Each structure stands twice: as C-alpha cells, then as structure tokens.
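Colleague: Here are the chains, one letter per residue:
Protein chains: 2
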Amino acid sequence: MDAIVSLCRRRGFVFPSSEIYGGLGSTYDYGHYGVLMKNNIRSLWLQAMVQERDDIVALDSAIILNPRVWEASGHVGGFVDPLVDCRTCKLRFRADQLDQASCGRKPSKRPGETPDCDLTEARQFNLMFTTQVGALEDESSLAYLRPETAQGIFINFKNVLQLARRKPPFGIAQVGKSFRNEITPGNFLFRVREFEQMEMEYFVPPADAERWYRYWIDQRFDWYLAHGIREENLRKREHSAEERSHYSSGTTDIEYRYPIGWSELEGVANRGDYDLTQHTEHSGTKLEFVGEGGERYTPYVVEPAVSIERIFVAMLVDAYHEEVVAERDRTVLRLHPAIAPVKAAVLPLIPRSAEMVEKARGLYEHLRHVLAVEYDDSGQIGRRYRRQDEIGTPYALTIDEQTLADDTVTIRDRDSLAQERISIASAREHLLDRLAAPWRPPGPG
Amino acid sequence: MDAIVSLCRRRGFVFPSSEIYGGLGSTYDYGHYGVLMKNNIRSLWLQAMVQERDDIVALDSAIILNPRVWEASGHVGGFVDPLVDCRTCKLRFRADQLDQASCGRKPSKRPGETPDCDLTEARQFNLMFTTQVGALEDESSLAYLRPETAQGIFINFKNVLQLARRKPPFGIAQVGKSFRNEITPGNFLFRVREFEQMEMEYFVPPADAERWYRYWIDQRFDWYLAHGIREENLRKREHSAEERSHYSSGTTDIEYRYPIGWSELEGVANRGDYDLTQHTEHSGTKLEFVGEGGERYTPYVVEPAVSIERIFVAMLVDAYHEEVVAERDRTVLRLHPAIAPVKAAVLPLIPRSAEMVEKARGLYEHLRHVLAVEYDDSGQIGRRYRRQDEIGTPYALTIDEQTLADDTVTIRDRDSLAQERISIASAREHLLDRLAAPWRPPGPG
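Protein sequences appear in the order of chains A and B.
Its first residue numbered 767, the first sequence is counted upward by one per residue in the working numbering.
Its first residue numbered 767, the second sequence is counted upward by one per residue in the working numbering.
There may be inaccurate statements among the hints.
[As the list claims (entries may be wrong)] Computed from the model, here is a short list of chain A residues facing chain B with C-beta under 8 Å:
(1) S783
(2) I829
(3) P1208
[Said to hold, decoys possible] Derived coverage of chain A by chain B (criterion: at least 3 residues anywhere in the stretch with Cβ under 8 Å from a Cβ of chain B; other residues may be distant):
(4) 943-949
(5) 1164-1171
[Unchecked claim] Only part of the chain A face toward chain B is listed, based on derived beta-carbon distances under 7 Å:
(6) E818
(7) N832
(8) N922
(9) E960
(10) Y1040
Simulated from the structure, these hints should not be mistaken for laboratory data.
Quick caveat: nothing in here was measured; it's all calculated off a predicted structure.
Even for Gly, the Cβ is constructed at its ideal location relative to N, Cα and C.
Please model the entire structure based on the sequences and the hints provided.
Modeller: Take a look at the structure:
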C-alpha cells in the first residue's frame, strides 16, 4: 500500500489536500492522472448502468436538500457513532473502537488503560455535516450535506415515474459527492470525509425483489471482471441478519482483497419498501406505482452502491506490479485500457531530430482529438517508456529513423512489451481497435 | 423563459429540488436529459481545455479545504453582501438591492417606503457556507464549503510545477461544485446556491499576461460559436476599472443575450500575481517559478471561469424554437449534436409489427455501445418525432416496410426534416460521421 500511496503522489494521481497549510485530515486532491482515471471510472459506470440499458435513467440531485428528507430517511435520528471523551487528554474516541485507539498521553496504551484516563459515558454523534442556509442563524435554516446520494433519488421517484413514463422494473442512477463527518477517518482513500458515490436504485414489484437482488450482485461482480480486476481478488460476502440495517432483507458486499485485507468494494442491498414508505409518511405524497389496470403497490428497491474512491484504489492495487525486465526494474500499472488515464504516448526516438519531432507532433495532434494521448521528447527512450509504464499507458508509438523513410511507427505493448510496426495512416484506427478489444490482466510478470 | 422552464420540467431536464417536501429555495435537481446534457458540456470543456492541449493539466481538489485557504484568498474577510433587517416584518434584504425587493407587509411597496418599516443599519454577511469538521464544536473545527474552485488550484500550484514538470505558460483546469449562500437567489438556474464551476488558471510570465488575457477571451468566445451558440447572442464586455476586483488588472465577460437581457455567461480575468502572493504570505511556502538559469518570478494568472448552469441555460435558450411544420406546431431544440442529450432515436414505424420491432431493437442495441440513443415504439410516428424534436435529438432512424425487404432505414434530420435512406450496415458509421461534422445553427425556421 505504501508503494501505491507513494506512486500516487510522485506521479500526480493524488495529493494530500491543503498541504501548504498543513493539510486537512483525510482529505485528498486529485492530480491530472487521478482526474483522468476517475473520469474513466465514472463514464464506464454510467455507460453500463445508463447508456447501454433502457430501464435506467440518470439523475443529479442537489447536495443540500430540504432537511426533512433526512428526518424521513432516518439519518437525523440514527446516522450516529458512539463517542467518548477523555477529560484528561481532551481527545475523543469511537466508543466501539477503543481497542484501535491510543491514549493521548501514553500512546502505547489504549484509552482507559492508564490510571489518569477519565473517559466520559458514550454519547451519540451524528455523522452528517450541518450548515445554515439563508441569512438567519436559527433552527429554521439548519441544513445537512447529504451523507448519501440515494435519498435524492427516492424523493424524485414520482417525477421519473410520471415524466419518464416508467413502470417497475426500472432504475434511477446517480453519481455525485457525499459527505460524512468521520471521527476516525484514515487509511488513504478508504475512509474520507468527502467522496464520490455511484448509486442506482432499482424499483421492482415486491415479489421480484429477491430475483433482482441476485441479478444485481452478479451484474456488478461481472462489471469488475470486465474492467480488469483479477477474479482471485474479488469475492461476494452476504451480511448476516445481525449485520444488516433493520430495513434490509439482504445485503451482499462485493469485497476486494486490499493490502489491508478483504474489505467492501461495493454493496448491493435489498432495501424493501422502507425508503418509499418513509417518504410517503413524512411528505404526505404517495410514492407508489399505479398500473393501468388499477393495481397499486409500493415498489421494493434493490441498490448497488459504491464510491469511485474504493474502485480507484482497488484498480490501482490490482494493476500495480514491480518487476525486472531486461535486467532493469520497472514499475508498471497494468490497468484495463479503458481505465488507464492516458491511452497512448507518442515519442520521437531522437528528440534532437527536427524531422522526428515534427512527425511525432503531427501524429500526436491527430490522435488527441479522439483519445487522451501524451507527447514526450524528454531524454532517453527507455526512461520515457518507464514513465508511461508507471502511469499505466497501454501503448507507446515511437517515431524512428525508419518512420522518416516509410511513414511507419512502432507500437509497444505495455504488458507484453512486444513491438510491432504499423503505418502512421492506420495508427488511429489501429489504436481504437486495440483499445476496444476485451482485455484481461496477464499473469504476474 | 417560462417556455423553457416548462419544457425543462415536462421533459425531465430539471426539477425544483425536494419538491415533495415543499422545495428548497433556488435548488434544482437534474433529470435524465439534463444529466446527459450537462455531462456533454463538461466533457467538451475538458476536451478543449485539457485533452486537446499539452499545456494544461486537470485537477480535482476537495470541497472542504483547510480554512486558512479562505483567509489567504480574502474570502473570510471580503466575500460579503451588505444586508438590512426589517424589525417589523422580520425579512432580510440586500442593502444594495432594496429597489428590487418587496416589503413583507405591503408587497407593492419597497422596504423603507411604508411608515411601519423599521430597517436596521446594513451589516456585512459572508456568502460562504460554514460547517464543523470533526467531533468538537468549537472554533478549531470551523470550515467552509468552497465558494469557488480556483483556490484549490492555487494551493496545488507547487505540486503541478514539480510533479508535472511544468513551466509557464501552463494551466490547471478544474470542474466541480461550489457553494454560495445567496440571500436573494432566483431566476431559475441563474443564481443558485450550489453550482458546478469550470475554471482554468493559466500561469504566465508577467510580461505576457496581457497577451494571454486577450488570447483566452478569444478562445472561449470561439468555443461557444463552435458549440452552436448564435453569434448575434454573444458579446464581449470589458469591465470598467470601478467594476473590477481590486486585484484584477482586466476582466472581460462573455455575455449571452438571455431572455432577461444581456448577462454574464463566462468571465475571463487577468488576476495578476494576487493569489500566488497571498498564499505565499499566508502559508510560508514560496509559490514562484524558478527557471533553470536561476530566474525566478511569481507568475501572473489568467482565468476563464464559467458555471455549467449558465452554459446549460444559454444553450437551451439559443436552441429553443416553436414553429409550424406541415400545418402542425412543433417545439424543437436545435442543440449542437455534441450537446444534445440523445444522439439518435430508433423507431419502428409500426409498433405492432414484430419484424419491425425486432429490426429496430437490433439496430438500437448495436448503436448504444457507442452512442446515447433511444428506442421508442409508443404510438403514432409523428408524435414520436415531435417528442425527439423537443429534447433536441438530431437524428431519427425509422424502420419501415422497405427495411424488411432491403435492410435500409430512413434517417430524419431534426433541423431540415430531410429524410434519406441508408443501409443498416452503414448506419453506425454514417451517424458517427454526421455527428462529428461541424454544425452551425440554421436560420430561424
């Protein structure tokens, strides 16, 4: 994991946020390659969940909603962690995670283990960030930053039913930032205070809920395989009845084998009719489906929910390899080509050759209209290949002596290191074809 | 404008947010077509500003930054509106906009015009939303929701300089939500409390700032023309010295002729070295460029800044037409094909023909891997065409009797209404070619 955090910083994928001001706990800024990679993850999710289906529509609801939404959802009352304070060291701890905490005065001890520790009773602390909307600072202006995108979907259920002329089964998909005021955040991007969720609420007739729940677990599992995650690093884990939220009649995590161990990548939940029923009660608006024949029911909801950050880390971990090639070390990110931030690099073999540079610039400018590509003429070719390997660029096109004679270039494959000559005229189509082909991770180098 | 707000609601582009709970002032949720259109605007901006250039990199910084960022930027001290309260009616008003406000008791009068009005002195009200980070509710946990994305760029200047190996001129581009606690928001999407900014900070040697300022005004103006905005609805307006922020040595608005009159679409500012100098002073980290020859200077910054919401409204306004075609009214959105939420509709002429439906489904499923397309078999063909016209779909492919004989379909052009027959086998390439061709709005119908 340290190697990945270090690569992320060194190559500008992810920086600790506000660094010049000493940072801000568990908050990160994404650099160029991080942004490109996150954009790819988001687009591919939307492609699979919305563009390639005709039963799911997109939504983008506000971050600050009417606060009554969070009363109805149960977040105002129940989205809490138990906390204790130490009156001596003035630190605050999760009451249910004291065994993982350190005393503020004797960090080798847990809170409560030293004689001068003076812990308060646990009290419930709500994880929603609060703010004030409007100019008046009183109760009437209290509002919350959404802790999940799902509720924005439920409150638009009726709009979609009516205006998009939908009937169950149908889904509403949303991507956007959510915020949680975690007291003990940490572990790089695993538990951050602001994160980008991708959630889809799938509304079904109650009798079909179990079948759709199984369907979405499989769909989402397969999505990870199709985007290059190794099957041996993925598993499904069904929550026990004790673990589940009270409204859930089934929750399955798709777990990834992170360096810290198996941990949730995505959750798929059968939420029943809990949410629509709650909002019906609190808003006075009936959120139900009425069929043409007069049948009426409150649909059940199946929800696959994930954050881009968790996918981002899983894909980096899965792709990261250190190996020795031709007696030299190389670090390579074997990312799926559709996930890779840069699709191809265009490199003049000899940077001081004006003709090679001109050819390379021409090819680069031709490609960048349709693909994220990079031009690099900075120094020795081996080092330039390695730099592209490190950011996961699947192909490198090199302009050399022979290019000047016959307008062909070499195309180098990141994974196999095979080089092949292709014509400049066909390079764009050739690249697009290779990038569109199915891709599975090669065995470990 | 009313017609556009109504279309937005009716066809599911934009809904008032939290409607079932009585809404939340000036907050909107985007429905399916609104999301697709916003995604297109964002991608096209990133394509022009990042993908097609090698002097600009992308960034995605956090929304909640270290609060000292906003002290340095001047927002804690100076990002304020003057407000007055009325002690009688308990309403609060912008002191500088009393002429546009209504008394709470006699709405036909302005505040201060009725005898029982009792206005306080104006006081300064900060527009930043505040929140508390961490479990302690005291000064140390105070934080702000960013009111602009630009500062997240300035505080990462050094990271990009070092890690992306850049030297001026170079730029950093960012897209993301910003928040302003507007007291008198309103006018549909014009002044909303949360909005999505697209900002780019371009760092240049001080002597070149004026030239780059002019360059970016022209670049951005041309971007709107290239994406279908009519030239007669665009103009450049340079701010007078009195209008400008104190640190700006030049600001030009690209204005659009909205139904409410000419108003800012995008602003391009020459911010000088104000921001980097402020952050150098407050953070103690020197934000300057040091050349290989030892030259050192604080770059000047040229900033084109716009919100997706403003572009969204301008594009809808520009595209909206009501006209009479073949003796029937139609409403059409003449959006640039790259902006249109749906690129093509696939329609079986006779929905009860199983063969036509099968052919149409086949073509639809072939196209949706590469394009946002819709399948529609709901009723009379004329009505289906009009529905697509209303959401701006540039092409409709219709499967008819002849398709069953020779595997050709008609392709209907939204603007000219011309229909042409093409083969199903070539339909995908044909569509991609048409969509990639330059497009200018036709004269008013």
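Colleague: It remains to establish, for every hint, whether it holds in the given structure.
Modeller: Here is how each hint holds up against the structure:
1. S783: OK, holds: A:S783 within 8 Å of chain B, min 5 Å.
2. I829: holds, 6 Å
3. P1208: Not OK, violated: A:P1208 not within 8 Å of chain B, min 25 Å.
4. 943-949: holds (count 4)
5. 1164-1171: It is violated, with 0 qualifying residues against the three required.
6. E818: holds, 5 Å
7. N832: holds, 4 Å
8. N922: Holds. Min distance 6 Å.
9. E960: holds, 6 Å
10. Y1040: Result: violated, 16 Å to nearest chain B Cβ.
The earlier numbered hints that this structure contradicts are 3, 5 and 10.
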